[in-house]
Amino acid sequence: MKTILNKAPMLLLITGSALLLTIVAFVGKNNIYREQPYHYSKMPALALIFQGVNEDRYPWMIFFAPPVEETLPVSALAADEEAYLASLPAEPEYDQDLTEEKNIPVNQASDTSLAYSMLRSDPAFEEKAGAEINGGTEAGINSEADDGTEANDSEPMTGLDSVTETAEIKPLRSTTKEEAQNHISVDIYGTAGVERAGAYEFATVDENYFNDALFIGDSRTVGLRDYSSISEHGDFMCATALTVHKIFDGDIGDSGNMEDLLQNKDYAKIYLSVGINELGRGTTEDFTESYRAVVNKLREAEPDAIIILQAVMKVSKEKSDGDPIYNNSNIEARNRAIATLADNQHVFYIDVNEVMCDEEGNLHADYSHDGVHLLGSYIEEYKQFLLAHGTVAAPDVSVSEVTISISSPETSNFTTSEK
Amino acid sequence: MSFTGMEFIFRFLPIFLLVFYIVPKRFRETVLLLASFIFYGFGELTFLPLLMAATVVNYLMGRNPRKKYVLVTAIALDVLLLVTFKGLSIAVDSRLLPLGISFYLFRMISYQADLLRGEIREKPGFRDVSLYFCMFPQVLSGPIMRYGDGEFDYPREYRLKNIEDGIKYFILGLGMKILLADRLVILWNDIQTVGFASISTPMAWLGMMAYSLQLYFDFWGYSLMAAGIGMMAGFEFIRNFDHPYAARSVSEFYRRWHMTLGSWFRDYVYIPLGGRRAGRGRLVFNLAAVWLLTGIWHGSGLNYIIWGGILGSLIVIEKLWIGKLLQRLPLIGNLYMILVIPLTWIVFAIKDLGQLAVYFSRLFPFLGVASSYVNQNDYLACLQNYGILLIVGILLCLPWVYNYYQKHKRNAGIILSLLAIFWSSIYFIVSQEGNPFVYLNF
Numbered sequence: 001m002k003t004i005l006n007k008a009p010m011l012l013l014i015t016g017s018a019l020l021l022t023i024v025a026f027v028g029k030n031n032i033y034r035e036q037p038y039h040y041s042k043m044p045a046l047a048l049i050f051q052g053v054n055e056d057r058y059p060w061m062i063f064f065a066p067p068v069e070e071t072l073p074v075s076a077l078a079a080d081e082e083a084y085l086a087s088l089p090a091e092p093e094y095d096q097d098l099t100e101e102k103n104i105p106v107n108q109a110s111d112t113s114l115a116y117s118m119l120r121s122d123p124a125f126e127e128k129a130g131a132e133i134n135g136g137t138e139a140g141i142n143s144e145a146d147d148g149t150e151a152n153d154s155e156p157m158t159g160l161d162s163v164t165e166t167a168e169i170k171p172l173r174s175t176t177k178e179e180a181q182n183h184i185s186v187d188i189y190g191t192a193g194v195e196r197a198g199a200y201e202f203a204t205v206d207e208n209y210f211n212d213a214l215f216i217g218d219s220r221t222v223g224l225r226d227y228s229s230i231s232e233h234g235d236f237m238c239a240t241a242l243t244v245h246k247i248f249d250g251d252i253g254d255s256g257n258m259e260d261l262l263q264n265k266d267y268a269k270i271y272l273s274v275g276i277n278e279l280g281r282g283t284t285e286d287f288t289e290s291y292r293a294v295v296n297k298l299r300e301a302e303p304d305a306i307i308i309l310q311a312v313m314k315v316s317k318e319k320s321d322g323d324p325i326y327n328n329s330n331i332e333a334r335n336r337a338i339a340t341l342a343d344n345q346h347v348f349y350i351d352v353n354e355v356m357c358d359e360e361g362n363l364h365a366d367y368s369h370d371g372v373h374l375l376g377s378y379i380e381e382y383k384q385f386l387l388a389h390g391t392v393a394a395p396d397v398s399v400s401e402v403t404i405s406i407s408s409p410e411t412s413n414f415t416t417s418e419k
Numbered sequence: 420m421s422f423t424g425m426e427f428i429f430r431f432l433p434i435f436l437l438v439f440y441i442v443p444k445r446f447r448e449t450v451l452l453l454a455s456f457i458f459y460g461f462g463e464l465t466f467l468p469l470l471m472a473a474t475v476v477n478y479l480m481g482r483n484p485r486k487k488y489v490l491v492t493a494i495a496l497d498v499l500l501l502v503t504f505k506g507l508s509i510a511v512d513s514r515l516l517p518l519g520i521s522f523y524l525f526r527m528i529s530y531q532a533d534l535l536r537g538e539i540r541e542k543p544g545f546r547d548v549s550l551y552f553c554m555f556p557q558v559l560s561g562p563i564m565r566y567g568d569g570e571f572d573y574p575r576e577y578r579l580k581n582i583e584d585g586i587k588y589f590i591l592g593l594g595m596k597i598l599l600a601d602r603l604v605i606l607w608n609d610i611q612t613v614g615f616a617s618i619s620t621p622m623a624w625l626g627m628m629a630y631s632l633q634l635y636f637d638f639w640g641y642s643l644m645a646a647g648i649g650m651m652a653g654f655e656f657i658r659n660f661d662h663p664y665a666a667r668s669v670s671e672f673y674r675r676w677h678m679t680l681g682s683w684f685r686d687y688v689y690i691p692l693g694g695r696r697a698g699r700g701r702l703v704f705n706l707a708a709v710w711l712l713t714g715i716w717h718g719s720g721l722n723y724i725i726w727g728g729i730l731g732s733l734i735v736i737e738k739l740w741i742g743k744l745l746q747r748l749p750l751i752g753n754l755y756m757i758l759v760i761p762l763t764w765i766v767f768a769i770k771d772l773g774q775l776a777v778y779f780s781r782l783f784p785f786l787g788v789a790s791s792y793v794n795q796n797d798y799l800a801c802l803q804n805y806g807i808l809l810i811v812g813i814l815l816c817l818p819w820v821y822n823y824y825q826k827h828k829r830n831a832g833i834i835l836s837l838l839a840i841f842w843s844s845i846y847f848i849v850s851q852e853g854n855p856f857v858y859l860n861f
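Quick note, the sequences are listed as chains A and B, same order.
Quick note on numbering: my numbering labels position 348 of the first sequence as 348, and the sequence is numbered without any gaps.
So the number in my numbering is just where the residue sits in the second sequence, counting from 1, plus 419.
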């Protein structure tokens, strides 16, 4: 041993430390590492330790073991997931009333958007759905869906009156256990939200419109900040890999803390663009709830601001076809969920895919190197899209002004309405 | 299976070494050969029979070195095989290129040529020849060792010191690859994601620097790992890089960069064509041939041919006119290398010629105006994120840093640093590939 130590200390140190870590990994496997997926055929046991470190879980925690759930947010999520999965139905579950009334067998309605459009084409359903979705107001889906351009003529959307509050769009079905396990983001809402949000008519504005705007988002928003002139006007709270769960949880990259910012500054517009990093984690339901919570929190903190929810930008066909998680069908499902949160009064929904995608609904291959992020040279188009989707129906503006500006943006006396 | 995978480092390699050193000496080379086939099979089972068949055919055809026409036929067959598969992979599907084929066929050609020239004296046995062609540390990406360097004719000496040194080289290479090259490549990816049209001029220069360093440490790191594993199995250290960035001319750079490939082209293409003895015109032709082939060998794009063409032209200019001057003016020579080599790497890196032009217009803004929005401060963020890596990379390009390591590698401080490098590399390997929840972030 002593000669080996003299002649080959490196060999001894490497084998010694590797053995030690392997022992620790085996001891910790059913202890602190128990929520980390491990299979001996996939990797050596000591990989567990490094995965753990990556999630701020250190080997010495074995000695202070139990309160796993408290100290480890990620694993807690994983632990919850099992219980959560167990609570999910095995088969797609549609609103009992709707399915029974229409006599559509559950398994036949596996494509929800199809099922939804089938349901909608029936006048009896329309009536029922209208009543349910609109919750007694005329400003909801019924009047708008008939002819979107007439939205301007419908009830004034002041949003201050609680009576005209737009009702919640209910999911048509829920995610099944199998879909959740396979990380499929299910389109549980169909097109109701997108249609309602799409009925709103946006105005064209100039860049000064962004002077009192805040942009919150992931790497796509980072791109917007770094490669467009918007950063000369608005504020940005963005970081690569930002998720809806992390917006109010600690600092956002180098941008700082969300709550601190909102306490110190008032905004008239808040743009929200997250959703791709959340794919593969949780169901559409979870995502929608977390997203709704963030929207509510923003509304609370900045009651005078309008909130513009941005659809998740799609990925290229090549990326989408080769990726079980980051693909356009999952993105579309989440977008339809995001859209349901728009009420066209305080909260709006805009979809940049209108200008970024080809006819098949994939991100233009030339627009991106990696199929996910816009090339710097196409961010100008993103900016132009945002400029074409200004909203002047800010809650702090009086009703008459709103009506004027919406119905005739070109002639309005808002300085921001110039093309 | 790659040298930087968890499977290789913690399973294949230790199990191999254990078996290798437990069995009696006379079986060790057989163990190495079997391990090599297993290793190749893990990488690409489909083409394992091709490797085995090429091995057997080349051995059989080289059995009688006096039958020169058989040796020449063998070389022709090897070349044909290489051309066929390269052609198929370009014309049909890139998956048709067998793993490591150009490296093992280059060794086979070298073997036949050495037999032809009478440079291999003893009559090689089948086990030694197959080991030379297939041994796992070298089968995928070299170094392209010569048969004579393997010292197959002598009884191998197994010393603890060699294992120790081999481990150190392996760790050094692993660190270069994982901690430097694989980090710096992210910078290069970021630039591609943003698009060359939208980067500032300082960013273009940083990108060029990062790409050059990334390429160097990726391949030097790999070569050190391969040589290290070879040493653990009782072979001599094979030098594949000799501080190329300290060179003072392009010709010198390529005598120090991927040395086993350079010397292969020298010995089996350039010299057989007549080298420099046959007059100026012939010298130019020979160099053009070598560098055109080198370009094609590296890839199928037009950019590789342009890359080889530029290097060939520079070498011709050096050989005919300015070479001696550069050696006499060291500072000028060094500056020339630091500028010219990275610029040629950009040609090497960018397959789309239009994009290549855009990159050069960003490097030298007087060549063209940026067409889109350019973030003039992008390089500041880049320096913040990658500054340390770039500095470490540049330091490691200096010969004295590496020489210092060589001199003090038994020093406890160095050994502990290597231990830290090893486990940090493992951390990065695991966090990149092991955990499905960390794999991609946008």
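Honestly, the hints are just simulated from the structure, not real lab data.
Some hints here could point you the wrong way.
Claimed, not checked - Below are the EDC-like pairs computed for lysine to aspartate or glutamate, each with C-alpha atoms no more than 16 Å apart in a straight line:
#	chain 1	residue 1	chain 2	residue 2
1	A	Lys170	A	Glu285
2	A	Lys7	B	Glu570
3	B	Lys542	B	Glu570
4	A	Lys42	B	Glu426
Checked hints:
1. Taking the CA atoms of Lys170 of chain A and Glu285 of chain A, the gap is about 11 Å. The hint holds against a cut of 16 Å.
2. A threshold of 16 Å between alpha carbons decides the hint, and for Lys7 of chain A with Glu570 of chain B the separation of about 25 Å lies outside it, so the pair is violated.
3. Straight-line distance between C-alpha atoms of Lys542 of chain B and Glu570 of chain B comes to about 13 Å, which keeps the hinted pair within the 16 Å bound.
4. Of the pairs offered as hints, the one joining Lys42 of chain A and Glu426 of chain B holds, with about 8 Å between alpha carbons and a cut-off of 16 Å not exceeded.
Of the numbered hints stated above, the single one contradicted by the structure is hint 2.
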